[in-house]
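Each residue of the sequence shown is one higher than the last, beginning at 0 in this note's numbering.
Keep in mind that the hints were calculated from the coordinates and are not lab data.
Careful: at least some of the hints might be erroneous.
To be verified - Simulated restraints on C-beta separations:
id, residue 1, residue 2, range
1, Lys270, Gln173, 35 to 43 Å
2, Thr243, Ala310, 22 to 30 Å
3, Pro268, Gln173, 52 to 60 Å
4, Lys340, Arg244, 26 to 34 Å
5, Gly558, Arg535, 34 to 42 Å
Only a predicted model underlies this, so the values are computations on that prediction, with no experimental measurement involved.
Where is the CB? At the ideal position from N, CA and C, for every residue including glycine.
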Amino acid sequence: MCPVDGGFAGPHYDRRTVSASGVPAPGKVPSDRIRNFSIISHVDHGKSTLSDRILELTGAVDPRLMREQYLDSMDIERERGITIKAQNVRVVYRDHILHLIDTPGHVDFGYEVSRSLAACEGAVLLVDASQGIQAQTLANGYQAIEHDLEIVAVLNKIDLPAADPDRCAKEIEQVLGIGAGEILRISAKTGEGVAELLDAIVERIPAPRGDRSAPLRALIFDSAYDQYRGVVSSVRVVDGVLGTRSRLRFMQAGAVHDVEEIGVRAPDPTKADELGPGEVGYLIAGIKNVGEARSGETVTDASAPAGEPLAGYRDPKPMVFCGLYPIDGDELPELRDALDKLKLNDASFTYEPESSHALGFGFRCGFLGLLHMEIIRERLEREFDLSLIATAPSVEYRAYLTDGIVVEVDNPTDLPDASRIDHVDEPLLTATILTPSEYTGTVMELCQSRRADMQRMEYLSPERMELVYTIPLAEVVVDFFDQLKSRTKGYASLDYEPSGYATANLARVDLLINHVPVDAFSTIVHRSQADVYGRRMAEKLRELIPRQLFDVPIQAAVGGRVVARETVKARRKDVLAKCYGGDITRKRKLLERQKEGKKRMKSIGRVEVPQEAFISALRLED
0 MCPVDGGFAG PHYDRRTVSA SGVPAPGKVP SDRIRNFSII SHVDHGKSTL
50 SDRILELTGA VDPRLMREQY LDSMDIERER GITIKAQNVR VVYRDHILHL
100 IDTPGHVDFG YEVSRSLAAC EGAVLLVDAS QGIQAQTLAN GYQAIEHDLE
150 IVAVLNKIDL PAADPDRCAK EIEQVLGIGA GEILRISAKT GEGVAELLDA
200 IVERIPAPRG DRSAPLRALI FDSAYDQYRG VVSSVRVVDG VLGTRSRLRF
250 MQAGAVHDVE EIGVRAPDPT KADELGPGEV GYLIAGIKNV GEARSGETVT
300 DASAPAGEPL AGYRDPKPMV FCGLYPIDGD ELPELRDALD KLKLNDASFT
350 YEPESSHALG FGFRCGFLGL LHMEIIRERL EREFDLSLIA TAPSVEYRAY
400 LTDGIVVEVD NPTDLPDASR IDHVDEPLLT ATILTPSEYT GTVMELCQSR
450 RADMQRMEYL SPERMELVYT IPLAEVVVDF FDQLKSRTKG YASLDYEPSG
500 YATANLARVD LLINHVPVDA FSTIVHRSQA DVYGRRMAEK LRELIPRQLF
550 DVPIQAAVGG RVVARETVKA RRKDVLAKCY GGDITRKRKL LERQKEGKKR
600 MKSIGRVEVP QEAFISALRL ED
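With the hints as constraints, model all of the structure from the sequences given.
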């Protein structure tokens with residue numbers, strides 16, 4: 000335990016350093032006593048644990064109510080041990096107000112990080128002292144540099160036996176240019192060094208700049224929906240004062256609303272009369288449509304509005320698409336309501352109605368990545384008690400037709416006929432992979448098998464490499480991350496960002512069951528992989544589709560060419576069971592009649608593919 004003043008003292012913190020006395024109420028705090036900062040890092044490097052220690056050290060939470068991952072409010076966050084939504088909290092430390100924003104670490108939720116950084120003047124960059132710099136460490140560090148934030152670099156988990164803080168400090172100095180002597184060393188688990196970190200935040204991170212007498216300008220950096228109170232927005236006041244009796248104009252949406260309640264999260268919501276420049280809090284204005292309080296919206300006073308809105312955010316663009324269908328068709332209205340409600344809490348996914356011959360009516364949904372897709376699906380099933388089928392994930396292609404029209408295709412069945420297509424472009428990613436040097440060959444082999452082009456390769460240290468590739472998004476969305484982890488025994492890390500489009504030789508593979516195309520199984524793949532995919536799906540469906548009274552052909556076709564075929568053999572009734580002898584012509588007549596019946600049945604029979612077959616065939620991990 001850390002015996003320093005403000006750290007652990009026995010089983011409890013010594014709170015002599017933590018005093019709320021003399022700290023003015025919200026709205027009255029001088030700007031020079033406010034510090035706004037985010038905690039950013041790679042996934043699982045200890046952001047939420049550090050937030051817990053800061054809450055304990057500053058006395059923000061009653062020790063009897065303290066729990067792990069205190070700021071992670073969703074059950075799914077605590078179960079998976081990851082942060083999905085950015086959370087903010089106001090704490091008091093040595094007569095300063097600290098606004099802490101805990102951010103997600105997974106690459107799929109990078110948009111949450113960028114929104115949080117826009118509300119801060121500084122960032123605590125957390126690095127695991129046993130793992131060193133990882134891909135998301137770099138991505139989030141560069142984001143903080145782009146936002147011109149003061150970075151406080153911290154090595155966490157120094158209590159682990161495998162920790163090597165000296166090597167990690169050299170990596171940070173080499174890659175991000177932060178002097179090894181400035182890097183703090185802490186253990187968020189035991190509390191060692193956390194008090195020194197808070198001191199460094201107060202000393203190094205600049206106070207917010209804002210004009211109290213200027214017209215009100217406040218930035219909404221997150222919104223959530225409460226079924227009783229409407230939209231609850233997280234706001235950062237930049238100029239002016241946000242008061243409870245204000246009538247507000249939302250500058251981008253053009254809507255006007257009266258303030259119902261403002262306050263701060265400490266960490267429980269606490270009402271306040273006003274919020275001054277540099278302060279972070281929440282705003283409730285009776286808004287029922289979350290579109291009027293989008294992230295990046297500028298709030299100003301309706302009677303004395305500001306001239307210019309603040310710089311907002313670009314809307315996150317979906318990268319992965321899939322169809323979501325209720326197993327029971329009668330649950331379609333419930334699915335629509337569930338998507339509406341979830342959209343209010345997570346504005347980053349999109350959905351629109353679609354129908355499938357095989358699955359009925361459902362919705363085409365767009366996500367930021369595979370984990371985002373998995374989280375949304377799990378929340379729909381858990382929070383709204385729905386049973387869903389998800390089609391195979393796909394990406395958005397651009398088909399250039401011979402008549403000059405460009406068609407955006409996020410559903411394989413929407414790809415125009417090959418005779419009308421001039422060429423098809425697919426989305427690319429710039430992927431940054433950090434791996435121990437011994438696995439470099441394995442990683443390069445994996446990337447080359449996924450049509451990736453190397454951009455650069457460099458050593459971060461004698462033991463660690465950074466590889467940068469341009470790789471098609473379609474090659475990443477299925478199992479690239481799993482393969483990368485398994486081939487490097489979990490040591491490699493991946494970060495990616497969109498990198499435009501490029502022309503590729505693509506083809507749509509259709510699956511036909513009894514000569515009828517089943518749209519749910521269609522997919523777009525590189526032409527070199529079409530035969531392999533078609534063969535694999537045909538073999539899989541042969542095992543899943545139950546036997547009928549006639550042979551069922553399963554074919555995989557590219558255009559008009561069949562590339563694979565399997566047959567589900569017919570169940571055969573023993574029509575000779577009652578023939579104990581007698582003339583052979585009678586047996587032949589019965590067999591011929593059975594053969595004619597099967598032929599007639601095959602020409603008019605429909606094969607019902609059971610739901611279990613769809614679920615098994617479309618399972619992501621396969």
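Non-conforming hints, listed in increasing numerical order
1, 3, 5
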